[in-house]
Structures are given as C-alpha cells and as structure tokens.
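Protein chains: 2
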Amino acid sequence: MPYPEQATGFQVDSAETWKTPTKRSFPLKPFGDYDVDIKVEACGICYSDIHTISGGWGAQNFPICVGHEIVGTAVRVGNRVTKIKQGERVGQGAQCFSCGECKQCKHGNENYCPVIKIDTYGDKYPGTDVTSSGGYANYTRAHENWVFPIPDGLKSEYAGPMLCAGLTSYSPLVRNGCGPGKKVGILGIGGIGHFGLIFAKALGAEVWAISRSRAKEADAKKLGADGFIATSEKDWEVPHKFSFDVVINTSSSYENFDLAKYLSMMDVHGKFISVGLPEEEGIVIKAQDLIPNGVSLSTSHIGNREEAFQMLKLAADKKLEPWIENVEINQKNLEDALQRMAKNDVRYRFCLVGHEKEFPE
Amino acid sequence: MPYPEQATGFQVDSAETWKTPTKRSFPLKPFGDYDVDIKVEACGICYSDIHTISGGWGAQNFPICVGHEIVGTAVRVGNRVTKIKQGERVGQGAQCFSCGECKQCKHGNENYCPVIKIDTYGDKYPGTDVTSSGGYANYTRAHENWVFPIPDGLKSEYAGPMLCAGLTSYSPLVRNGCGPGKKVGILGIGGIGHFGLIFAKALGAEVWAISRSRAKEADAKKLGADGFIATSEKDWEVPHKFSFDVVINTSSSYENFDLAKYLSMMDVHGKFISVGLPEEEGIVIKAQDLIPNGVSLSTSHIGNREEAFQMLKLAADKKLEPWIENVEINQKNLEDALQRMAKNDVRYRFCLVGHEKEFPE
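Taken in sequence, the protein lines are chains A and B. Mapping the first sequence onto the UniProt record's numbering, position 348 (from 1) lands on 348, and the numbers just tick up by one. Mapping the second sequence onto the UniProt record's numbering, position 6 (from 1) lands on 6, and the numbers just tick up by one.
Hints may contain errors.
A pair counts as met if it fits within one copy or between any two copies, since identical chains are not told apart.
Unchecked claim - Computed list of lysine-lysine pairs in DSBU-like fashion (alpha-carbon distance at most 35 Å, straight line):
(1) K286 - K343
(2) K319 - K83
(3) K103 - K222
(4) K182 - K286
None of these hints come from the bench; they were simulated from the model.
Extracted from the complex, chain A is given alone in its bound form (with noise of 0.2 Å):
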C-alpha cells in the first residue's frame, strides 16, 4: 500500500484569503512509532474550519489545511501501533495528540490533556516545523490514539462529521446522564445541533428542540425532537420553567442571547453545557440567574476515545442517518461550500468525498 511522503491538499495562506485556498504539498509531521497514516476519503466541514481560516478565533499558523472529521483507510501504522491494523477503516477528529501519562489522560479525560494536546490542524509539533494539517488533502497522521476504527455499516461520509460535531454533542449527553426519563434540550439546529437531536433520541430521551423560529421545525422533528420552542415567540420559557435536565447549547454566538431564560428552563441542578466558542468576549453572569435553581453552567471539549467507540456503535447498531450534503473535493466546489458554511446555508453538514479524484497517485 503507497503511503506519503508529504500530503496534497488545500491550504489557507491568510485569514484575508480564507475562501480562496491554494492546492499545494506540505509536510506532515515526521512518522513515529505511534502513528497512523491515514489515506482520507471523506471529511467533513466544520464551523471550527471558518472561526480558524477566517481568523476569528485569532492568529493561526498559516498557511493551513484544515479539516477534522476524517474517515480513510490506515495505509501505514508505526512499529509500536497496536491499536489500529494497516488496511483497516478508521476516522481522525479534531485532536491528534494527547500526554497519555497524565491524571487526565489516563482516566478517560484525554480530551482535556494539559500537559500536550496537539489539534488536528494548526498546531506546531513540538520540536518541528510543521503545522498539523487535516483533511481538506490526501493524507493526515495521527497518534493511534486519536485514530478511531470505524464499525462496518457505517457510512463514510456519516461517520466523518460524527467524529468532531457527533462527538461533540454525544460526550456532553452522555457525561450528564441523558436517557429515559430525562428532559435534554438542543439548543441551536446546525451541524452539532443536528447530532445532538439524533444522539439524544437514540439515547432515550424527551428531547426538545430549541431555535430562533420555527423555520426548522419539521426538519427537528424528523431528527428526533419530541418539542420545538422557538425563543423569537412571546414568553417561550414559562411553560418549561424548571423543567430540563440537560441543554447542549451549540451556538456559537451570545448576541441577544437572553442566557437568564434558557437557565429559568432547567430542573435543579440541571446542566446547561455549552459546546461552541464564540469569538466575542463573553457573557455576563448574575448569580442571581444561577441560584433559584442551582444551575450548573459547563462547557464541553469533544469526547475521549471510548465515547467515540459507543457513538459509533450507536450509530451502526441503530442506522441513525445524519443529513449530509455531499460535496466533490476541488477547488470551486470547496470555495463554494466554505463560503455557504459560513452563511450556516447547509442542512446540516457538508463532507467532502472524492478525494481520490482529486488527488491522484
């Protein structure tokens, strides 16, 4: 099986130039012992993707080629892997590297490593020169760790954009005991949000979706949303008033984002868990809105591996279907689809597929 030397892909050479990316080689980071090199099939577009190239979460190394919902083959693992087989097919999501020595690594928390968490994508490889890079290319190389074997029965392109939107929805479910008996809201139906109504029914619960209109209603509703509430309408709140047990809030932005309400919602000591990073300055809080309930307010960061497994099961065991809009790697097809990410015109992920076409050996 060839394996790479370097990978081709598109890279971002400034945030001023993020919708027009430049097909080029670069290198990936030196193989070790540990990695996985994985010949990519299909990746998904993340919003993380836009906040990176466009600058909005700050500097970046650049130029970069992003992209972290990756589903390939394993075309060459290192001499110590044992937890992937070369030939296998396997995923890589939005981290590639963690200590694996620490408290946190070594009690399923890896996710949230502070000795060394190496992105996918933008991040220096300590002692190099090189850039992580994801899968808007042929090639990405991963620690085993991070490298994922997709169940058979699971499409590529499903599989792809679960390993960092899924993920990033079915961790915080999970970790906050979703399942029968359990009241979850989905707060903001985008690629995340779209995940976390599947996982949540798939899971067992009363799951409400909750947008801005109800323009998303019916598509909620066939994703597993038992409620819609649509928080552009008078007193929304009031008949749900200490009445969640969990929220995933999946939006990325706080504007005329009324946080005193969503919290009026939850049970005591509900979980109100935001997964999206906003690149504005932050959100004020009154412990006055946080006492009548003893709400609890927590972020999320992805999911470690072996919640990565039972999502994947989950989704094999139960032939859940993520609504994804296909998209044919190249150059005017990936301007495009950057550019209607960025506008969230996309109901509700985007893969790229067909990179093989697009990069011949």
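Place chain B on chain A using the hints.
Structure of chain B alone, referenced to chain A:
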C-alpha cells in the same frame, strides 16, 4: 408553656437607618395547623442580614426584623404537626416555607421550591399583610418542614449559625462528592467559609483555604485546612492547575476577582460553586476559560431538611467547634455587632444570645 400572640424584637425601618434598629412588638403570621412557635435563645448574625437591612439586595418589606440562624424551644406546635414535639430544642434557618407538593419539594429540593418559597424574614405571607420575621426577637413562627430538632450535645450558639452559614457550605459539599480522595477549596474565610473548612475536613477531603492574604492562615489551619493559598501572591494558581475537584466560593463580591485563574485550578469537570450573592451586576464569563477543563460553574441555595439533619449530627458526633463570638442581645450590643459584621470584623460568627433577659415575659 406560654406562647406568643406577637413577637417583640429589633426592627429596621429603612435602608438609611439600618445601623439603629428599633425594639418594638409586631405581628407574626396567623398560626396554622403545621406551624411551630419557637422561643428564641440564640440567633447568629448572617451577612444576609446586612445585605437586606442596608438595601444592598434592593427594596425590602420594611420594617423588618432579621435573623435566620435561630435556635430555641418549640413552645407551641399546630394541630397537624408531626415532625416537632412541643418543648423540644429546635432550629430555624433562612427559609420557613415551601409548597411541599411540587417535584422539587418531593425530591429533596424544597430549598429550590419554584411554587412558593418564603424566607424566614422579609417575605410577605400570602393573603396577609404580615412580613416574615426572624430571630432578633423573642419568638419566631415557621412551618414544621423548616424546623429542625437540634441534637443533644450541640451548643445552641453553635447550632444556630450552622442553619444558614453552615448549611450553605455543607449542602454543596455533600452534593458534589466532598470526601476522602477529593481536593476541596474553600474560597473566602468568613462565616460561611470557616464552616466550609470545618465540614470539608470532617467529611474527609483534602482541604485548602483560599484567601487574599495570609492573615488568616493560622486560623484556617486550626479550622481544618491542610493547605493555604494566598491570591495576592504571584502565580498562586500555577501549582494547583487541574487539581481541585470542588471549590466553594463564599466571597460576596466580584471586585478584582480573576475568575479565569480560579477556574484553571479545577480538575476536569470540577465544580466551582458560588454561594455568595454579590450586590454587583455580574461577572463576565468567557467560554474560553471554561473549555480547557470542562469545569462547571454553579451556585447553591442553603440546603434541604435531610442535609440539615446530617450536618447537625456530624457536628454533634464529631464535636465540631465553630468559632463563635457570643453577643448578649440588646440595643447597644446589636448596633455594635451589626457594624462590625458589615466590616467583616469577626472571627468568624456573631451569635446573639440572652433573649430571655432582653425580652422578659
């Protein structure tokens, strides 16, 4: 046993005159079938008393007789009272009524009852003109659900302050898993914080006191702290990154409060729980500060009946000794104590005693 037609105590008439309460008689609520009349023998001075009478928490139902850390004798019980016996030594904390019927009341969250929650002082009783009143007086009246038998062997001046300050720290500690193997921080060494140190230690955790300077270090260690953090020192948070399971934040001001540094000390999904209710407008939270460890921010509102029992039993069984400065209740002593309390000039709690002398029958 004589029982009251009305109470006599010290009322504050306006926020402007909070430093000079007036001794007079005033009505209690109409006596109901589930009510208990308490002849007061001890009442702690809580910072809530100051927030309330000085107007810091906004408009109040003046005139108002505060005090919600009450111990005394149950001199009369209503026809349907089953939880309290006449003649028993009992306590009353910050709340005196909850609906008893809602989901929250029926599941041990009566301290968060969304239907009707009446504070021990300052709330109008529904259908009456009577403002609830507290223990700066000879008598109080409360629903039996909010009256707690006091175990033998626990001094009244210890038990009183436990019913607000103590329970406010005890409930979030036990609800968030404080115990052996857990690293727990108590932020702010005042009335609530000193109870936090005592209880967290008694529950078996590794306990750290967190204060601005080292002025209270010796006290904190006597109270039970295993370690001490002074936040005026450079890089104070660095040695503790990703290590705290629980921090109880008892500070009641956000001035110069660098929340991000505190949050950086929390282990993954650690619980940062604020129990103070600042008078300011709020604090800006950035998702970026919550993401690295998926920390949760929450609040807690006193505690439930069962927790009050557990706490009092723990204190009696382990002979826990809060640091209490007794104050014989009378006009001058009360005025002095209120003003010292407003300056936090007490280590660590005043308790008013000698009610029988000040209010002879």
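Quick rundown of the hints versus the structure:
1. K286 - K343: both (32 Å within a copy, 24 Å between copies)
2. K319 - K83: Only inside one copy: K319 and K83 sit 25 Å apart there, 55 Å across copies, limit 35 Å.
3. K103 - K222: For K103 and K222, the Cα distance is within 35 Å only across copies (31 Å; inside one copy 41 Å).
4. K182 - K286: both (27 Å within a copy, 28 Å between copies)
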